[in-house]
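Visitor: Each protein sequence line maps, in turn, to chains A and B.
For the first sequence, our numbering assigns the number 335 to the initial residue and increments by one for each residue that follows.
For the second sequence, our numbering assigns the number 335 to the initial residue and increments by one for each residue that follows.
Just to be clear, a hint being listed does not mean it is correct.
Same chains, same names: a pair is fine if it fits in one copy or spans any two.
Distance condition first, Cα-Cα at most 27 angstroms in a straight line; then the derived DSSO-like pairs of lysine-lysine [as the list claims (entries may be wrong)]: (1) 560 - 363; (2) 568 - 614; (3) 347 - 363; (4) 426 - 537; (5) 460 - 560; (6) 539 - 350; (7) 537 - 430; (8) 568 - 446.
Calculated directly from the structure, the hints in this document are not laboratory data.
The structure presented is a predicted model; accordingly, all values stated were derived computationally and were not measured.
Spelled out from the first residue to the last, the chains are:
2 protein chains.
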Amino acid sequence: MSLEIKNIDKNYKDKKALDNITITIEPNKIYGLLGRNGAGKSTLLNVINNRSVPSSGDVLLDGNTLLDNEVTLNQVYLMSEDNLFPSTMKVKDMFKISEQFYGSFDWDLAEKMLEEFELTKKTTFKKLSTGYRSIAKLIIALCVPCDYIFLDEPVLGLDAAHRELFYEFLIETYETSPRTFIISTHLIEEITNLLESVIIIDKGKVSVAEDVSTILETSFTLSGPKTSVLAAVKDSEILGQEELGDFISVHITGQLPDNFSNDISVSPLNLQNYFVQLTKRK
Amino acid sequence: MSLEIKNIDKNYKDKKALDNITITIEPNKIYGLLGRNGAGKSTLLNVINNRSVPSSGDVLLDGNTLLDNEVTLNQVYLMSEDNLFPSTMKVKDMFKISEQFYGSFDWDLAEKMLEEFELTKKTTFKKLSTGYRSIAKLIIALCVPCDYIFLDEPVLGLDAAHRELFYEFLIETYETSPRTFIISTHLIEEITNLLESVIIIDKGKVSVAEDVSTILETSFTLSGPKTSVLAAVKDSEILGQEELGDFISVHITGQLPDNFSNDISVSPLNLQNYFVQLTKRK
């Protein structure tokens, strides 16, 4: 039961926000959806979740369109900056309405999260701080019974200890009942270990859709004297480079060159740096 | 011309949000205002900037109260999640109104920031992505002529490259025209080098108000066999500790013990870890 995003375009008057986006999202995997500010991530998430109408293209779940289709739409959930409830509503009532709408709700997990995050469920949403608003929305996202959960900037406003706690709850619920999570975040370093695959959106297009392990196994930085390094990488796909005098660091993707002189040092490129190199703007 | 926050209390029906907060904020320094989610940071910033009325206490600028005083209020600026303008307004009109209100506006810096962040000033605010909304508000905060600029979560939703760019602009404008910045953020590691002092708020109270250099010079982690380490730190102020079998790491603040056995390794504690240890909840 894959989620297929097919040839999605989204045009605004003066801008092509999404340009022929085609991705297949598989069941029971954790994805990272990465992109620079303004790349189109939130637009894509809104289209997939029927909150915004695409200019063309379709989103199919098990072959059935999601767009304007209440039955299949019940299988996807989007947590984003938007608040779906009146801000005067109490947290516990937000939970109850989510249960009514989606058919069930993981109350055990919700209670555990309320306790660990020290959030009182009698509080009205508007009285919560920025961080605690995110926490209330995160609890709902992890407790609804949907197969595809999209999290747009889930840790916005969360302190470091609360971010860590959320990642732990995510792993726990994913292991207990596998489903698909698609997480859009700018804090790439701290989430790398959770992700199985990443989709990188750059200027409205899919730039990379790949398993994280593949990216990490095929991305390197070669550093050393300029002449040695440039000779070594002459057939490589270069992501970016930094120079300092006669010294150079070149970031490459693909195979590590077979032979290179021993004045070159090689280090792996982490996902955050891979992303930064790939989406650098000239 | 210091900003004095004197005995500020803020009580809600069921909660003491701020408990006798007294701080002096000096001119021409960059402060970090740190605290766990829900500690009271935003409440404090709203009180100082007259957006929320304290239950008791006062805020004085050069001896004159700030609260409900339009003349002195013109010297402080708060950038926060709140949007002060109608969301249908264009970015350039937000700049113009800020100029009218505060008397002048650094248009050179604004144009430079628009260009480097690739933000079009003809765009209406509501059409901007989360990250670009932060960017528009940040430009205003750096371009108004106020002596005290409060930034509540300034990099919310910004990608790593844009966060770096913002920090560079902040240093540049601070060096060109020194004034006071008070920055509240959960991304402590990446901002440590910018800060001269920190104020840590914990459960509505001031827990630490200290120069960063002093904190870094007097915070250590001692690691090694449990018996050796516990003997070494017996007179120290302990922030926290982690144990693994017979091995222990103890985080201390204050003087490094004079004599300790050579099976102990000592490392400095960075600001992020200092904060985490200090504000851990039981």
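Visitor: All hints, please: hold or fail.
Guide: Taking the hints in turn, this is what the structure says about them:
1. 560 - 363: neither (41 angstroms within a copy, 42 angstroms between copies)
2. 568 - 614: within (21 angstroms within a copy, 51 angstroms between copies)
3. 347 - 363: neither (36 angstroms within a copy, 45 angstroms between copies)
4. 426 - 537: Cα proximity of residue 426 and residue 537: across copies only (24 angstroms, versus 39 angstroms in one copy).
5. 460 - 560: neither (57 angstroms within a copy, 47 angstroms between copies)
6. 539 - 350: For residue 539 and residue 350, only the intra-copy Cα distance (10 angstroms) is at most 27 angstroms; the inter-copy one is 49 angstroms.
7. 537 - 430: neither (39 angstroms within a copy, 30 angstroms between copies)
8. 568 - 446: neither (55 angstroms within a copy, 37 angstroms between copies)
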